[in-house]
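Residue numbers (the working numbering), protein chains in the order written: chain Z, 1 to 93; chain R, 1 to 497.
It is possible that part of the hints are untrue.
Stated by the list, open to error - For lysine to aspartate or glutamate, the following DMTMM-like pairs were computed, each having C-alpha atoms within a straight-line distance of at most 20 Å:
#  : chain 1 : residue 1 : chain 2 : residue 2
1  : Z       : K24       : R       : E445
2  : R       : K448      : R       : E496
3  : R       : K400      : R       : D415
4  : R       : K484      : R       : D144
5  : Z       : K24       : R       : E403
6  : R       : K324      : R       : D415
7  : R       : K50       : Z       : E20
8  : R       : K485      : R       : E496
9  : R       : K292      : Z       : E20
10 : R       : K107      : R       : E395
11 : Z       : K24       : R       : E399
12 : R       : K448      : R       : D405
13 : R       : K448      : R       : E395
14 : R       : K448      : R       : E413
15 : R       : K288      : Z       : E20
16 : R       : K400      : R       : E413
17 : R       : K292      : R       : E413
18 : R       : K448      : R       : D433
Stated by the list, open to error - Partner residues are not named here, just some residues of chain R that face chain Z (Cβ under 7 Å, in silico):
#  : residue
19 : P32
20 : L104
21 : M401
Since the hints were made in silico from the structure, they are not lab data.
Here a beta-carbon is modelled for each residue, glycine too, at the ideal position from N, C-alpha and C.
Given next are the chains, with one letter for each unit.
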Amino acid sequence: MNEFVAYLTVFVLAMWVGIEVITKVPPSLHTPLTSGSNAVSGITILGAMISAGAMVTIWTTTLGFLATVLATVNVVGGFLVTYRMLQMFRKRG
Amino acid sequence: MPELPSWMLVVSLFAQTEEAAAVDTVPVETHPLINLAYLLAAVLFIFTFKFLSHPRTATRGNILGVLGMLIAVGATLAMPGIINTGYITIAIGLGLGAAIGAGLALKIEMTAMPQMVGLLNGFGGGASFLVAGANLHENLKASDASLLTPWNQSILATGLSGLIGGVTLAGSLIAFAKLQEIQAFRKPISFPAHQAFNAILALLALICVLGLGANPSWFVLYWALILLAGILGIMLTLPIGGADMPVVICLLNSYSGLAAAATGFVLRNNALVISGSLVGASGLILTKIMCKAMNRSLPNVLFGVMAADDGGASADDVYEGKVKSAGPEELAMIFDGARRVVVVPGYGMAVAQAQHAVRDLMNLLESRDAEVLFGIHPVAGRMPGHMNVLLAEAEIPYEKMIEMDAINPTFPETDIVLVIGANDVVNPVARTDPKSPIAGMPILEVDKARNVIVVKRSLSPGFAGIPNPLFAADNTLMYFGDGKKAILDLVSAIKES
């Protein structure tokens, strides 16, 4: 139970930090914010790689492999498309 | 833990991999160095969002995000038990995902950005429930029976991850289909007893979560849960109309983060918990902003149908004999003496591909010493901030894009407002008629400007389906035609005058 509360503490505090930081993002940058957060939510790539690499059964490896593909699409696609958009804002901004 | 120089810790990491190879379970204790790397990655993600507060620093933030992800992935690959066995599987997965992601990111049109984000939201949710599922099956094979204790943190979080992840994946695919304007999904779809059916689905899903909590070895419940959550995600998204898609995209964005956080509770991994909650917070904030911009509550967007037009003025009453239209030559004369021009773009401008023509008009007017600004409503475009991206792509400077609250007080001193492809967001009825479906919605108060020019194909209503008295106002001239051609004609007429 204590362990759960420890993770819950991290969750609540991180949510708080997120709200404080993200409220300051101007509306003009909300689309890059969304695509950037897509990339960050691809953090499940960590768990995906662990399952894909642990080779416990063929089934867990398949699930891990699929998750690795999906999460990598998020990470690479998210960061790259955000970069593309931000470059346009910088061109004359 | 004994005091060791850091290089020895690194060496010991590799030493441990040999032992781990013999055991066929996932290491439960993560090495402190790896956890420190995760912490560093999480801090870098916070900076990613912090630097997004200004376009000047935003690119730097994005690069820090990439760095954070590389550190987290690198640390995970250094974890005992992975690199020596399944690295080929991991490498293929990473390569395939990177190729698809890069292809999408480089090819996508800026007008299609909401679809891209929608798809990525879904993939994030999908990845999360797949990881939670894989972990469940690994625990079934593990020699450590304590992993299957009823009601432990991991199994409850597995249920939550499955529920949120399943809803996110299926809901996002429907949102994608709607945004892509695939014919079958264009209109809101609802069935008799739709809400009751959804309630039953949600209840069944909850029973699966609790059943799994009580009997962690009944993995069938998990996959039944995914199926139920998927159907629920579809049923929740189908009845939502096109105008409300920005809210849905934000909400699903939030869910994809919460699913990742739930998976963090499953794996006892703080990197996932922190990153997931950051994304969850971001999506929630955007959802709130979008709802406020439409003056609707979240439950109303999700479960309510937009109020039908009851007793409001009919199109004939509003427009009959009052609408004045003009051609490019006539309008060119008005532009002749204009000092301050505000362009109010809507998604219609992007559909007509008129952004570049509008930029040419801006350059022409500026060369004649007029000030040109852009007034952006929060729901202009199809997702938060979408209009700014579309204008930035047409090389319209960032400083010229002004938020609604900042531009509204300046309309009385504005010579010309050029409305192009926008309708409901400039409808004064929102201010004047409390019975209107858009009553109370914050609008751009363009009717207060000296002259209003509305570029539009016809007098057809916007998403809200109500007539717009602005079109019949004394200071308004309608300029009928296709957005792009209309602006190009206007530009040449101004040049000739």
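Handout entry: Violated hints - listed by number, lowest first
Key = 1, 2, 4, 13, 17 and 19
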